[in-house]
Amino acid sequence: MVSEEIWALIQIFLFPGFFFLFFLAFFTEWVDRKIVAKFQNRYGPLHVGPKGVLQPIADFIKLLSKEDITPRMADKVPFNLMPVLLLSLAITPLFCIPIVGSNALVSFEGDLIVIMFIMSLIAVLVFIGGWASTNRFSTIGSIRAGLQLFAYEIPMNLAMIGPAIAAGSLSISKIVDWQIHGFWNLFIQPVGFAVLTISLMAHLQRVPFDIPEAESEIVSGWIVEFSGKKLALIRLAKDFEFVLASALIVSLFLGGPYGPWYISPIIYLAKFFICVFILSNLRAAFARYRIDHLLAGAWKYLTPLALLQIFLIKVLGV
Amino acid sequence: MTFEIPFGPQHPALEEPINFMFEIEEERVVNVKPRLGYVHRGIEKIAENRNYQQLVYLSERICGICSFAHASCYSQVVEELLDLKIPERAKFIRTIVAEMERIQNHYLWLGLTAKEMGFETLFMYAWRDRETIIEMLDMISGKRVNYGMSTIGGVRRDITEPMIKRMEESLNHLEARAEYYTKVCTKDPSILKRTVGIGILRPREARALCAVGPTARASGIPRDVRADEPYAAYGEIPFKVVTYRGCDVASRMYVRIDEIKESIKIIRYALKNMPEGPIRVKAPMRVPEGEAISRVEAPRGENLHFLKSNGTDKPERWKIRAPTLANLLSLCRMLMGVNLADIPVVIAGIDPCIACAERIALIDAKTKRLKVWEGKDLWRYANEWYRKRYGL
Chain A
-2 MVSEEIWALI QIFLFPGFFF LFFLAFFTEW VDRKIVAKFQ NRYGPLHVGP KGVLQPIADF
58 IKLLSKEDIT PRMADKVPFN LMPVLLLSLA ITPLFCIPIV GSNALVSFEG DLIVIMFIMS
118 LIAVLVFIGG WASTNRFSTI GSIRAGLQLF AYEIPMNLAM IGPAIAAGSL SISKIVDWQI
178 HGFWNLFIQP VGFAVLTISL MAHLQRVPFD IPEAESEIVS GWIVEFSGKK LALIRLAKDF
238 EFVLASALIV SLFLGGPYGP WYISPIIYLA KFFICVFILS NLRAAFARYR IDHLLAGAWK
298 YLTPLALLQI FLIKVLGV
Chain B
103 MTFEIPFGPQ HPALEEPINF MFEIEEERVV NVKPRLGYVH RGIEKIAENR NYQQLVYLSE
163 RICGICSFAH ASCYSQVVEE LLDLKIPERA KFIRTIVAEM ERIQNHYLWL GLTAKEMGFE
223 TLFMYAWRDR ETIIEMLDMI SGKRVNYGMS TIGGVRRDIT EPMIKRMEES LNHLEARAEY
283 YTKVCTKDPS ILKRTVGIGI LRPREARALC AVGPTARASG IPRDVRADEP YAAYGEIPFK
343 VVTYRGCDVA SRMYVRIDEI KESIKIIRYA LKNMPEGPIR VKAPMRVPEG EAISRVEAPR
403 GENLHFLKSN GTDKPERWKI RAPTLANLLS LCRMLMGVNL ADIPVVIAGI DPCIACAERI
463 ALIDAKTKRL KVWEGKDLWR YANEWYRKRY GL
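For the record, the sequence lines run as chains A and B. Sequential numbering of the first sequence, starting at -2, is according to our numbering. Sequential numbering of the second sequence, starting at 103, is according to our numbering.
Everything labelled a hint here was simulated from the structure, so no lab data went into it. Fair warning: this is a prediction, and the values are worked out from it, not measured in the lab. Keep in mind that a hint or two might mislead.
[Claimed, not checked] DSS-like mimics (lysine-lysine), calculated; alpha carbons at most 30 Å apart, straight line:
#1 B/Lys374 <-> A/Lys31
#2 B/Lys187 <-> A/Lys35
#3 B/Lys285 <-> A/Lys297
#4 A/Lys48 <-> A/Lys63
#5 B/Lys289 <-> A/Lys35
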């Protein structure tokens, strides 16, 4: 009994728990920055650690040590609470994702719905954070974040429900399990995969859809008043969101940790970084869209495509 | 509900300090008030205490990017007052350097506009290619930004045979890249979405508001000093004035990319047909009394220098009108009704260079007296103003 408890503690705190996830988040940020730099003909992070691999950690520590300013006019409680909530909300869903075997640390029927709910909450939090800082730029940024939620949320959730319908379960672990016996969902639902990838780019506020924080237009939008520790937490939360996005794609569409021959976290990580590569690639390839372009595009193309995918699953029975 | 959004003087989308106060109605601009005066350096006043030779270097420092346009424009105006004929070879070298500067500026502009659109990859690519032409300028003049090439009576350095060989190589590279950017900017859907139909300036408005340079040419007006009133060697070189009829940011982009190609052709022709001979003649220190105006097509548009001399070795009055100031009215017209997200792209569209445009002095409107304020007074004024306005 005792050893089981120790095993559980190791799982929660070391692998695949907090420790692993923190390093995965920082490492993913480094990979992302390096890939985008390569596409843009730059070097990317170079100096801290071998090939700059420790740069995200150094950035995090630097931000922690900087002056933390709360604007006089800001709504103090939500303003100070928002970064902490954002970080905890971004980490929580990662425990529902199976990395080692077919069972996640926390797994229950309906955890997919919980993850969808948390992802919407994150967008709402972003709105609250921007609104509470009462800066003209962050107000516009937070309004844009709210509008963006209307655009991507429905196609994203529809695309996530597709695998659940096929597997007949709302638990991510069961969806992953189902994919060993059949095919990866990528081959059965390619349209759903594409829709989910695009909507996740919008959820992550990455370059074609970095509308709420558009640097050249509204000076980082909703983030503009956050500094020091709060900014460090927000940036870490964004890394975790990125990890979550890639992990979701791997679990729902690429068969989780199952390889052709055996189950292993290494296979999981390989798939994970393929997803990171796809998302980074998309980031380097486009100019920023305008908010009306995104809304029109999401409702004209993404939502009908996601519905079509679900229709196909029901009709063809795959 | 309308609310005001300040844009600048410090803003990531602006490289230089200028302030726009936008009245926004649901992300749409309904009114705009520009405000200059943050980088006034008093260059015209300094000029009255320097001699003509020193002013060549001062004129180059009016603008970091179109430095040669200002220097050659100033040299021309002094040469006109002196009635000095400069050697043919010097004219060709001036043309070559001016066109290289145009290429350099247009690549810079392409990169910056891409950055305003949020397209960082294109920004990095354009600036890498700009490095090629800057290296060529470095090779010819010894400097990357303020070339120090133009002087009264000609140019300071010659272009030699090995230089021409290296330049041809880099021109081929730049031409291939310009073709590539034409392809990217006419095909990429995300660029087209952000530029086509944005920041409209109709030909009639462009004429009425006296737009100059690529801004006017993108509205279909073939206004180009190089063709209208040829200076340097432009009269002897065949070239085409690029115009587009789209009147939007996309047309301004295509005009500039096509001008890069046209400039490359001009440089090739000039290098081939450059006459032999001296590169400068000696100019006297004292300039006879008189007034003169000279115009040069800077990369951003028409550049105008007025000089009044009083027979000494120092000018009486030197007036500069940089292209940005001429385009500012058109810019305000373009900004009306655009989406908040399009403001940076539209502002970048005229290729603003604020430091060039700053030519004001503080004048009391009631007594018409010129006031000189020290830092202490400015500090006091700023504090009072904020106290009054916000009750702090």
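Can you give the numbers of the hints that this structure goes against, from lowest to highest?
Hints 1, 2 not satisfied by this model.
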